[in-house]
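Asker: Spelled out from the first residue to the last, the chains are:
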Amino acid sequence: MRRNFLLGFASYLVASTVWAQQADNRTIIGSGNEFLSAGSYAIRVGQYDEGIRLTHLGLTRYQPSDSDRAAALSNLCAAHGAKGEPDIAIPFCDESLNINARNWRAYSNRAYAYFLKGMLSKATFDLDSAAAINSDGKQVTQLRGMINEVGLRPRVIMEDHL
Amino acid sequence: MAFLLLVGSAEVGPAQEGWSADEGLIDPRGTWTCVLYGNPALGDERVVLSFAPDRSTLVAKRGETAARSWMPLSQWRVEEENLSFSDSRSGREFQASLRRSTLGGEWRTLNLRGGWWCSAATEEVDLSIFAADTEESSSSLVPLVTAVMATPAYPRQAIREAIEGRVVICFEVDRNGEVHNPEFIELSNEIFRAASLDALMGSRYQPWFKRGDEVLRPACRSFVYRLDYAF
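Protein sequences, first through last, are from chains A and B. Per the working numbering, the first sequence starts with residue 12, numbered consecutively. Per the working numbering, the second sequence starts with residue 6, numbered consecutively.
Only chain A is shown next, with the shape it has when bound in the complex (with noise of 0.2 Å):
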């Protein structure tokens, strides 16, 4: 239940990147951008380490464009914090975020890592400015769910009037 639970949140993260969404493959040509078409994907659909591996290619054979690049390393966070690899899964949404610091996904992402690692201020923070930049995103709502069933003490206090 909880690979089920963890392919449903990564194919949340990568959702709607920009190769997800097909750009016209005449423009493309050569950029590496079937790469990371494909990695994306594969991550998508919970084959992480094929999409890992083609997302590698895509970045490291070919010359994407930053904004490309920064979605890629937002994707290999993405992939690796499905497979609980929180530590490895950091420094790609860090170094996503010092190209595009308006991602949100790339947000999100690093703040589910901290979560993983149990770094709850951490996380709530990112999570706060994923959230500011795109109030709307389903994983953000999902997150801040998870976050708080672990963070937050819940108490009920009664009295009786009689």
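Think of the hints as simulated: they come from the structure by calculation, not from any bench. C-beta: ideal position from N, C-alpha, C; glycine also. Incorrect hints may have been included.
Unchecked claim - Okay, the calculated beta carbon distance ranges per label pair:
(1) D139(A) to S93(B): 49 to 57 Å
(2) E188(B) to R113(A): 46 to 54 Å
(3) D233(B) to D139(A): 13 to 21 Å
(4) E61(A) to M206(B): 48 to 56 Å
(5) I144(A) to N194(B): 27 to 35 Å
(6) N145(A) to H185(B): 45 to 53 Å
(7) R82(B) to I168(A): 32 to 40 Å
(8) I144(A) to L30(B): 52 to 60 Å
With the hints as your guide, set chain B onto chain A.
Answerer: Coordinates of chain B only, in the frame set by chain A:
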């Protein structure tokens, strides 16, 4: 004493002003044993309220001995299914919807807000209240004691969405200590309804078999749902 007896045996009848309870509405005329809650200085107050056909309203404290006396309140009035009256001494304005299962609602002052909940007083209770100070009459007012207070489970979705809230349910307790006729007086968020009701109906009070006591006794319970950060 004659005046007290007269009030104590007041019967429900047609109001002189011609007001009559519509179908489905509670007729407030008569005597009610009530609990008032929410005043930080006074705590929970057990009183007897009397709404006479001539619109006069009287209040007396329950549990007192022969020194008890009725105090007059404002005239009661009904507007669009809502009963209202006030107490000039305390500055409290009382309101109640007559659509409920029994008489009860909220009271307000400039700075405070609370609630009140009543059960219809039986003739036996009326007589015992106005009887002379005897050991039997004072022992007939046995306080309600909680035997089982079930704790509600904080709804999971409320935790996920960081929702806090407050619920107040008023109800009646029978002689076996079982809870009947729950009604929500305050419900800050629907998400807390089921958990609060389940907890209340799982609660019990100690039985109170005493000669002359009323069949049902009013009570209210408040639930305050809070979330604390653990990080």
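Asker: Would you mind marking each hint as holding or not holding in the structure?
Answerer: Hints versus structure:
no. : hint                           : in the structure
1   : D139(A) to S93(B): 49 to 57 Å  : holds (51 Å)
2   : E188(B) to R113(A): 46 to 54 Å : holds (51 Å)
3   : D233(B) to D139(A): 13 to 21 Å : holds (19 Å)
4   : E61(A) to M206(B): 48 to 56 Å  : holds (54 Å)
5   : I144(A) to N194(B): 27 to 35 Å : holds (28 Å)
6   : N145(A) to H185(B): 45 to 53 Å : holds (51 Å)
7   : R82(B) to I168(A): 32 to 40 Å  : holds (36 Å)
8   : I144(A) to L30(B): 52 to 60 Å  : holds (54 Å)
Going down the numbered hints, you'll see the structure goes against none, and every one checks out.
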